[in-house]
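Visitor: So the chains spell out like this:
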Amino acid sequence: MFKKSDWTDQKVEVVIANLLRAGVTLAATVVLIGGLIFLARHGFSRADYHVFAGEPSDLRHWQGIAHAALAMSGRGIIQMGLLFLIATPVARVAFSVLAFALERDWLYVGIAAFVLLVLLYSLSGSAI
Amino acid sequence: MNNLEFTLLVGLGSFMAGFLGALTGLGGGVVLVPLLTLVFKVDIRYAVGASLVSVIATSSGAAVAYLKDGFSNIRIGMFLEIATTLGALFGAFLAASVPTAAIGAIFGLVLIYSGYLSSRNPVDPPQDGPPDPLAARLGMNGTYPSLTGPKQYHARRVPLGFSMMFGAGTLSGLLGIGSGAVKVLAMDHAMGIPFKVSTTTSNFMIGVTAAASAGVYLSRGYIDPTLAMPVMLGVLVGSLAGARVLARTKTKLLRWVFAVVIVALGIEMLYGAFTGRV
Numbered sequence: 008m009f010k011k012s013d014w015t016d017q018k019v020e021v022v023i024a025n026l027l028r029a030g031v032t033l034a035a036t037v038v039l040i041g042g043l044i045f046l047a048r049h050g051f052s053r054a055d056y057h058v059f060a061g062e063p064s065d066l067r068h069w070q071g072i073a074h075a076a077l078a079m080s081g082r083g084i085i086q087m088g089l090l091f092l093i094a095t096p097v098a099r100v101a102f103s104v105l106a107f108a109l110e111r112d113w114l115y116v117g118i119a120a121f122v123l124l125v126l127l128y129s130l131s132g133s134a135i
Numbered sequence: 026m027n028n029l030e031f032t033l034l035v036g037l038g039s040f041m042a043g044f045l046g047a048l049t050g051l052g053g054g055v056v057l058v059p060l061l062t063l064v065f066k067v068d069i070r071y072a073v074g075a076s077l078v079s080v081i082a083t084s085s086g087a088a089v090a091y092l093k094d095g096f097s098n099i100r101i102g103m104f105l106e107i108a109t110t111l112g113a114l115f116g117a118f119l120a121a122s123v124p125t126a127a128i129g130a131i132f133g134l135v136l137i138y139s140g141y142l143s144s145r146n147p148v149d150p151p152q153d154g155p156p157d158p159l160a161a162r163l164g165m166n167g168t169y170p171s172l173t174g175p176k177q178y179h180a181r182r183v184p185l186g187f188s189m190m191f192g193a194g195t196l197s198g199l200l201g202i203g204s205g206a207v208k209v210l211a212m213d214h215a216m217g218i219p220f221k222v223s224t225t226t227s228n229f230m231i232g233v234t235a236a237a238s239a240g241v242y243l244s245r246g247y248i249d250p251t252l253a254m255p256v257m258l259g260v261l262v263g264s265l266a267g268a269r270v271l272a273r274t275k276t277k278l279l280r281w282v283f284a285v286v287i288v289a290l291g292i293e294m295l296y297g298a299f300t301g302r303v
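If you're matching them up, the sequences are chains Y and W in order.
Here this note's numbering runs 7 ahead of the position in the first sequence, where the first position is 1.
Here this note's numbering runs 25 ahead of the position in the second sequence, where the first position is 1.
Derived by calculation from the structure, the hints in this document are not laboratory data.
Mixed in with the good hints, there may be bad ones.
Claimed, not checked - Lysine to any residue pairs mimicking SDA-like chemistry, simulated, CA-CA at most 20 Å apart:
id, chain 1, residue 1, chain 2, residue 2
1, Y, K18, W, F96
2, W, K176, Y, Q17
3, Y, K18, W, N166
4, W, K277, W, L295
5, W, K221, Y, S52
6, W, K66, Y, D16
7, Y, K18, W, A266
8, Y, K18, W, K277
9, W, K66, Y, Q17
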């Protein structure tokens, strides 16, 4: 029985590894595209990050980001890529809930589900 | 400086940070914020936001290599992520209410401590004494591959490790770093988990921890896309390149040099915090 669960764990790890790689590759590609669009349009404007102003409100939540990205704004597309990046570990935890359920390890289904809830609470924007 | 020059210079600096971080095993995240604030004069809140997303990228990118060699323990990782994600939320809340000079000062202390930690030699804790019943209940005991076949290990002092992980999460959320050093300390020193299992499991946890505070940073407007772009891409490419070279180099001297650089940056951050420059 110990052997069987070991085998399943290893299979789960391979799936998780591929999931993470796909997420990071997608995110990096989208960020790069957005960055090129931004630099093509604003490459010769002055860069200033010394004074903190905070991002405009539409780049702070996923609806606004999706809207800006669909309008082909370079900054919106980069932010979309960063959102994919943040979503990658969340997807990893969501998959773990499922994998532990397949192994009938209910204790760890609960643990992973709790971690997932914390992540979703943070991403929902209600935790400010 | 225009946007093109700024992007190229920050991208190059981030590449070096990621490259040296992977090569020395000290992580590139810890030098990013000092680099951005001290050299590029970026506000520390933007710097922390950009560092946080690059930490997610490197952790997830490197996890692929670690997960396949069978050292990391996904149960230990998942259980301790309860502590690190709650800590990360707490740290992200603190970041909004603590003055930026205090963040700079804490950062300086953490840098100096990380430099010190990296000079200690990893020693695997002895595997004796009765196993912790709580660790057994949580299914944390496992095996890892060694030259003489699979080796067994037991986790101990789970509550102590759990509390230290909350601290690691708080630092991560406050400073935008992976705080891998504290995570490894919690696992190998406090819980008696073998060093190799601790480091790979820690790396695996860093992405989830950082994601927990990244959500808060995003909705607070601390994540600037055009700053995060060169930082994230630079660190990611740098750390992947560093991991490639790693197998073929002797890193002892380099590790020592990088540790000195980290301590020097820590002193500079502390000085900057007290003179109002950070």
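Visitor: Evaluate each hint against the coordinates.
Guide: The hints, checked one at a time:
| no. | hint | verdict |
| --- | --- | --- |
| 1 | Y:K18 x W:F96 | holds, 14 Å |
| 2 | W:K176 x Y:Q17 | holds, 16 Å |
| 3 | Y:K18 x W:N166 | holds, 19 Å |
| 4 | W:K277 x W:L295 | violated, 27 Å |
| 5 | W:K221 x Y:S52 | violated, 47 Å |
| 6 | W:K66 x Y:D16 | violated, 46 Å |
| 7 | Y:K18 x W:A266 | violated, 27 Å |
| 8 | Y:K18 x W:K277 | violated, 35 Å |
| 9 | W:K66 x Y:Q17 | violated, 46 Å |
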